[in-house]
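Student: Order-wise, the sequence lines are chains F and A. Here the first sequence is numbered in the numbering used here, starting from 1 and rising by one per residue. Here the second sequence is numbered in the numbering used here, starting from 1 and rising by one per residue.
Keep in mind that the hints were calculated from the coordinates and are not lab data. None of these values were measured; they are calculated from a predicted model. The C-beta atom is built at its ideal place from N, Cα and C for all residues, glycine as well. You may find that some hints are simply not true.
As the list claims (entries may be wrong) - Sample of chain F residues facing chain A (criterion: CB under 7 Å; computed from the structure):
| hint | residue |
| --- | --- |
| 1 | T51 |
| 2 | K182 |
| 3 | N244 |
| 4 | G246 |
| 5 | S254 |
| 6 | Y258 |
| 7 | W283 |
| 8 | G285 |
| 9 | A289 |
| 10 | A326 |
| 11 | A329 |
| 12 | K367 |
| 13 | Q368 |
| 14 | F371 |
There are 2 protein chains.
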Amino acid sequence: MFALPKQRLTAFNRLTTLKRFSTSSKLLGSQTPKKHNGTAVVFMNMGGPSTISEVYSFLYKLFADGDLINLGVGRFQALLAKFIATRRTPMIEKYYKAIGGGSPILKWSTYQVEEACKILDKTNPESAPHKPYVAFRYAHPYTEETLQKLLDDGVTRAVAFSQYPQFSYSTTGSSINELWRKTQILDPNRTIQWSTIDRWPTHPGLVKAFAQNIKEKLLEFPEEDRSEVRILFSAHSLPMDVINSGDAYPAEVSATSYAVMNELNFSNQYRVVYQSQVGPKPWLGAQTAKFTEKIEEKSKGIIIVPIAFTSDHIETLHEIDIELIATDAKFPEKIKRCESLNGSQTFIDGLAELVSDHLKSGQLYSKQLPFDCEIGVGRDVFNHPSEFFGDHTKTIKSASEEKN
Amino acid sequence: MFALPKQRLTAFNRLTTLKRFSTSSKLLGSQTPKKHNGTAVVFMNMGGPSTISEVYSFLYKLFADGDLINLGVGRFQALLAKFIATRRTPMIEKYYKAIGGGSPILKWSTYQVEEACKILDKTNPESAPHKPYVAFRYAHPYTEETLQKLLDDGVTRAVAFSQYPQFSYSTTGSSINELWRKTQILDPNRTIQWSTIDRWPTHPGLVKAFAQNIKEKLLEFPEEDRSEVRILFSAHSLPMDVINSGDAYPAEVSATSYAVMNELNFSNQYRVVYQSQVGPKPWLGAQTAKFTEKIEEKSKGIIIVPIAFTSDHIETLHEIDIELIATDAKFPEKIKRCESLNGSQTFIDGLAELVSDHLKSGQLYSKQLPFDCEIGVGRDVFNHPSEFFGDHTKTIKSASEEKN
């Protein structure tokens, strides 16, 4: 069902054939226009197993990630992760079988970054060619695989674009940390100059794309009920110890939700809720499933909007569609899930605009990131993002300046 | 120190002398222009003891309010409230003594609503005169005192304007519920037509006033440190069982904070934190005091912004100024509290604009309020706000229509 179309599967192979611009052109005299090497756009996300056989390694990597989950056992986390992954694999394999045999996140991420790069080649010729890559934290292509590909492709300028619109140290932070760790190993001489787009919770492209999808979903309800349909913005939850540490995530999730409601002129009642709690620790609520159960009887209709993900994945296709709506709901006909952003052209235009603005601004990372890294508790990572991305007070020369 | 200036103390007395327009004018023939009775603008808030002797009754009323706090003892809540209030009174009396002998919330609320009404008389002549009132939930003037005054003054049209910018069922909900209960007793024939402004988390006046105060506070730091000063938006916390029930509050607090940062062009690092936790139950964090303690050493400066209150009160003047900064901080010189909105003209202009827009729109209550009331668990209250405010599908005739 979610098998990758051929043109997607070959995306990474094709990238390696992109023309390499000689970096030695920098040695030419100033009268000769310098060639540059283009710009890699790397979509970072948690990823998901594309096939059933990848489920165990996905779960193991996820539970072993101390940036994402602190299992409270220090250096024994990898051991405990093996135990948990082994125990959970049969159940999670069933979930992936139920949604067609794998996560569509690679398909959609590849499509989105390729399309964004096509737009960028037109809007930002000074930094072209824009080369699309995907780097996942817990599934292929792993961070180190993509990093090696960048090095093989002779990339010298790359944008690490977090596909979590709202920053959490446990998600975007983890991806950046991993990129840093692998850079230490694979690119110790730092041939690639990185910058990052580490959050974009209220970018107009994101907000408008969500609003469009909600409006379309509203049309599926009877006209007389439409204005009374409730909108539940559902984000992946986090444990309360992460929330209470001061993680940026819940405030940014709320900012996105509020911006979408503003775009909709607050036409409907709404609430921010949280899903996918796991384990015995307290997590942030209201819980999507419990809250839906509480309100479904008195509601004319409910739309659940996956507000913190940019494409479909197990939490939309299984947890919401199959568990919450098809299995557990008392009034399943009242509850619909908003289409994920997936191939939304509005969204992809927004992604391209974000990268375009980022490249033109010369910003290396957001003003907020050093604060997140100070509050976070990553192991084997930099103390300050400037160690990775360079001095924040200096900005990268824009590609056009480098070129001329 | 916070004694009320004479012109404030007499505000309520003066209001009773406002000219009463005869309601019998409605009986006149259609050719005769009808007189109307003006518009009462009622600022609702929790209030605070204006004198030390009011501390016990304030605490008792607060802990007895089942809409605010569920002590988990059902109908014995009043009894337990007496016990808690008695135990806490000596300590809280000390706090109020330390800030000058009482809360300034009545002084500021009276000033704000009077000034807003003066503006409204100019901008909205069709609904003039606008008559200023304050109704507190736990301190004088109590809801029932103010309601009686409205009735004595012959008011027939009133706006219940919640002075909590962000909606929580435990705050704004509690004030509306109390107004409903007292209306049942004091105005059973419903001579007053009420509407409510129940939330305004991102109103431009509010946002700009906070941004102005933050900019002014930033000037107190050395110029070279200014851009590195961290902004902590501190809101009163809520117990996790309220958060997990789906209360609107945390998302709206985040919306305000994000809007203020947007107004400031994200010039500084910021975080949303929560203060004033009490009792053994888990509350929403990050906790303002703990978080400040964690970051103060590495911070160049910190500004704490009371983002969920519209004037000074014990939580700013004692909890932040005296406890957090003057007593507990290791680096008190680095930490400053942003001025509360108090007498800010930008804020007061915004308040007037809010009421003006509300009156012109004919809206009775926000689209969101019925959902909040469905999720909330108030006792002895309406099932739907339309029972109090009328049918939401019909709007109140604007005062000008009534007049002509």
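Student: State for each hint whether it applies.
Tutor: Structure-based check of each hint:
{"no.": "1", "hint": "T51", "verdict": "violated (37 Å)"}
{"no.": "2", "hint": "K182", "verdict": "violated (27 Å)"}
{"no.": "3", "hint": "N244", "verdict": "holds (3 Å)"}
{"no.": "4", "hint": "G246", "verdict": "holds (4 Å)"}
{"no.": "5", "hint": "S254", "verdict": "holds (4 Å)"}
{"no.": "6", "hint": "Y258", "verdict": "holds (4 Å)"}
{"no.": "7", "hint": "W283", "verdict": "violated (9 Å)"}
{"no.": "8", "hint": "G285", "verdict": "holds (3 Å)"}
{"no.": "9", "hint": "A289", "verdict": "violated (12 Å)"}
{"no.": "10", "hint": "A326", "verdict": "violated (23 Å)"}
{"no.": "11", "hint": "A329", "verdict": "violated (17 Å)"}
{"no.": "12", "hint": "K367", "verdict": "holds (6 Å)"}
{"no.": "13", "hint": "Q368", "verdict": "holds (6 Å)"}
{"no.": "14", "hint": "F371", "verdict": "holds (4 Å)"}
In the structure shown, a violation is registered for the earlier hints numbered 1, 2, 7, 9, 10 and 11, in ascending order.
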